[in-house]
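**Student:** Numbering of the sequence shown is given in my numbering, commencing with residue 1 and proceeding in unit increments.
The hints are simulated quantities; they were obtained by calculation from the structure and are not laboratory data. Hints may be right or wrong, so weigh each one.
Quick list of in silico lysine-lysine cross-link-like pairs, DSBU-like style, CA-CA up to 35 Å [stated by the list, open to error]:
1) LYS226 <-> LYS379
2) LYS154 <-> LYS102
3) LYS241 <-> LYS226
4) LYS369 <-> LYS379
5) LYS291 <-> LYS241
6) LYS241 <-> LYS379
7) LYS369 <-> LYS358
8) LYS369 <-> LYS291
9) LYS375 <-> LYS248
10) LYS375 <-> LYS241
11) LYS291 <-> LYS248
12) LYS375 <-> LYS358
13) LYS248 <-> LYS358
14) LYS248 <-> LYS379
15) LYS369 <-> LYS226
16) LYS241 <-> LYS358
17) LYS132 <-> LYS154
18) LYS241 <-> LYS369
19) LYS248 <-> LYS369
20) LYS154 <-> LYS94
21) LYS226 <-> LYS248
22) LYS102 <-> LYS132
23) LYS94 <-> LYS132
Quick list of simulated restraints, FRET-style, between CB atoms [to be verified]:
24) HIS326 <-> ASP293: 38 to 44 Å
25) ILE324 <-> GLY116: 50 to 56 Å
26) THR67 <-> PRO134: 23 to 29 Å
27) PRO134 <-> GLN376: 52 to 58 Å
28) ASP130 <-> MET197: 18 to 24 Å
29) GLN225 <-> SER371: 31 to 37 Å
30) ASP293 <-> GLU348: 39 to 45 Å
31) GLN376 <-> GLN217: 25 to 31 Å
32) THR213 <-> ILE324: 23 to 29 Å
33) GLU383 <-> LYS241: 32 to 38 Å
34) ALA280 <-> SER117: 45 to 51 Å
A quick note: this is a predicted structure, and the numbers were derived from the prediction, not measured. Don't be surprised by glycine CBs; every beta carbon is placed ideally from N, CA and C.
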Amino acid sequence: MEELEKRLGDLEGENARLREELKRLHAGVRCTGMTLGPSLVPSSATHGSGTVMGLDELILQVNADMTIGYINTPMARLLDIADRRRVLGEPLDKWDQGPLGKGVLRSVVDSALVTGSTVVVERVCPGLDDDKLPATGSRPVCDPVLRFVANEVKGRVELIIQDITLLRWLENTFARYVAPEVIEQMLLRPEESFMQMERRRVTVLFADLRGFTRITQRLAPDTLQKMINEFLTNMVGCIEKFGGMVDKFIGDEVMAVFGAPVAMNDHPLRGLLAALEMIAAHERTLAAWRKADLPAAGVGLGVTSGEVFVGNLGTETRMDYTAIGHSVNLAARLCSAAAAGEILTTGECYQAVAEAMKATSLENLPRFKFSPRGKQAFKNVDEPVTVLAVSVA
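Turn these sequences into a full structure, and let the hints steer you where they fit.
**Tutor:** Structure (structure tokens):
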């Protein structure tokens with residue numbers, strides 16, 4: 001028994017070393033072209049194992065004679081093994097028949113032995129019950145996605161399986177909304193934060209081309225597409241530069257949120273900085289349009305800060321992460337009221353920006369100029385709103 005315990009301790013040490021090696025690999029892992037059926041997806045360079053370290057890992061060590069040398073409790077649960085110690089020395093093939101699919105483990109192990117390097121593959125497992133995997137709280141409504149990482153060490157193969165369902169769900173859900181570095185931050189938060197509706201103080205921005213609907217009536221389809229794509233590309237670049245989320249496109253209008261899905265203590269400041277950047281970027285676009293004899297359509301923007309509801313809305317087959325509430329409606333109204341080249345905001349946002357400037361880590365901030373536009377009434381807004389135009393002093 002003492003010898004077995006020592007062996008298990010040695011194996012745990014080797015597995016710890018492997019995990020440290022995987023952290024260093026990050027996006028540079030080598031992926032083999034093995035075939036495990038249509039549900040297998042080789043892990044790409046952008047999906048480095050370093051992004052999900054800290055997940056519960058299912059660990060298996062396979063000896064040179066293809067027998068089981070070590071198996072931890074989570075892996076035993078996945079393979080329906082009641083007593084993990086009793087299977088030590090048994091053939092791998094005996095337990096390679098279960099919920100993962102016949103021969104899946106052997107294929108990964110063989111690839112590691114052939115290449116002599118770290119092998120990383122991913123597999124969608126539609127028939128796998130969630131209760132076979134380590135508990136992670138609320139789970140996305142989708143098939144489990146597992147990552148297999150195999151490494152050959154002195155003729156043995158150490159295999160680690162990670163449940164990366166949440167990672168892939170976050171990427172598929174938010175890749176069209178936020179920059180990759182924002183998704184990295186999201187992985188540090190509980191998944192419940194993104195699957196449930198919650199109250200959040202955020203900054204909402206709307207940007208829209210002035211008079212573009214009228215202009216479209218005399219544009220050829222390819223010209224219309226080119227102009228809108230150029231406009232939206234520029235706007236998205238400005239939003240992402242300051243960590244915002246692109247909520248949606250509505251024709252030539254774009255909606256962005258700062259402070260969700262990742263919280264920011266300086267979201268009002270980031271929203272206004274993005275708005276100023278959008279004005280400058282669109283001025284360059286306008287110059288190019290005029291040079292090409294295209295109609296000049298300026299951009300108007302509305303920015304608000306306040307409490308909204310954020311979360312996923314829709315059906316199981318079509319979900320969108322979005323913000324709803326008074327601040328969203330008001331930002332849209334301000335955008336409609338703004339002239340070409342103008343940013344309109346509220347007195348509440350003005351105060352929020354003043355506080356955000358004390359908390360921000362951003363440097364080389366411009367001097368804002370807030371010009372009063374008086375109290376204005378807007379449709380579906382109960383009381384008149386103090387409106388300010390924002391520019392650089």
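**Student:** Hint by hint, say whether it matches the structure.
**Tutor:** Status of each hint after checking the structure:
About 33 Å separates the Cα atoms of LYS226 and LYS379, which keeps this hinted pair within 35 Å; it holds. With a C-alpha separation of about 26 Å, the suggested pairing of LYS154 with LYS102 holds against the 35 Å cut-off. Note on LYS241 and LYS226: the hinted pairing holds, with a Cα-Cα distance of about 23 Å set against a maximum of 35 Å. A threshold of 35 Å between alpha carbons decides the hint, and for LYS369 with LYS379 the separation of about 27 Å falls inside it, so the pair holds.
Pair hint LYS291 plus LYS241 holds up; C-alpha atoms about 27 Å apart against a cutoff of 35 Å. As the CA atoms of LYS241 and LYS379 are separated by approximately 32 Å, the hinted pair is consistent with the 35 Å bound. Between LYS369 and LYS358 the alpha-carbon distance is near 17 Å, which keeps this suggested pair within the 35 Å criterion. For the proposed pair LYS369 and LYS291, the alpha carbon gap of about 31 Å is at most 35 Å, so the pair holds.
Proposed proximity of LYS375 and LYS248 is supported: the alpha carbons are some 29 Å apart, at most 35 Å. For the proposed pair LYS375 and LYS241, the alpha carbon gap of about 32 Å is at most 35 Å, so the pair holds. Between the alpha carbons of LYS291 and LYS248 the distance comes to roughly 30 Å, so the proposed pair stays at or under 35 Å and holds. With a C-alpha separation of about 27 Å, the suggested pair LYS375 and LYS358 falls inside the 35 Å cut-off, and the hint holds.
Only pairs whose Cα atoms come within 35 Å are accepted, and LYS248 paired with LYS358 is accepted, the gap being roughly 30 Å. Between LYS248 and LYS379, the direct Cα distance comes to roughly 22 Å. Compliance with the 35 Å bound is thereby established for this hinted pair. A C-alpha spacing of about 34 Å is found between LYS369 and LYS226, which places the hinted pair at or below 35 Å, so the restraint holds. A hinted pair counts as satisfied when its Cα atoms are at most 35 Å apart, and LYS241 with LYS358 qualifies at roughly 20 Å.
Restraint check for LYS132 and LYS154: satisfied, since their Cα atoms lie roughly 31 Å apart, inside the 35 Å limit. Proximity of LYS241 to LYS369 is assessed by CA-CA distance (about 22 Å); at most 35 Å being required, the pair is judged to hold. About 29 Å separates the Cα atoms of LYS248 and LYS369, which keeps this hinted pair within 35 Å; it holds. Between the alpha carbons of LYS154 and LYS94 the distance comes to roughly 23 Å, so the proposed pair stays at or under 35 Å and holds.
Distance restraint check for LYS226 and LYS248: the Cα-Cα separation of roughly 19 Å lies within the 35 Å cut-off, and the hinted pair is therefore satisfied. Of the supplied pair hints, the one linking LYS102 and LYS132 holds, its CA atoms being roughly 17 Å apart against a limit of 35 Å. Straight-line distance between C-alpha atoms of LYS94 and LYS132 comes to about 18 Å, which keeps the hinted pair within the 35 Å bound. Hint check: HIS326 to ASP293, Cβ distance near 43 Å, so the stated range 38 to 44 Å holds.
A hinted range of 50 to 56 Å holds for the C-beta pair ILE324 and GLY116, which are about 54 Å apart. Between THR67 and PRO134 the beta carbon distance is about 25 Å. The supplied range of 23 to 29 Å therefore holds. Between PRO134 and GLN376 the beta carbons are some 54 Å apart, a value that agrees with the proposed interval 52 to 58 Å. Our hint of 18 to 24 Å for ASP130 and MET197 holds, since their Cβ atoms are close to 22 Å apart.
Take GLN225 and SER371: their Cβ atoms lie about 36 Å apart, and the range 31 to 37 Å holds. Range check, ASP293 to GLU348: Cβ separation about 43 Å, and the 39 to 45 Å hint holds. In this structure the hint that GLN376 and GLN217 lie 25 to 31 Å apart at CB holds, the actual value being about 30 Å. At about 24 Å, the beta-carbon gap between THR213 and ILE324 stays in the expected band of 23 to 29 Å.
Hint check: GLU383 to LYS241, Cβ distance near 34 Å, so the stated range 32 to 38 Å holds. About 48 Å separates the C-beta atoms of ALA280 and SER117, a value consistent with the hinted range of 45 to 51 Å.
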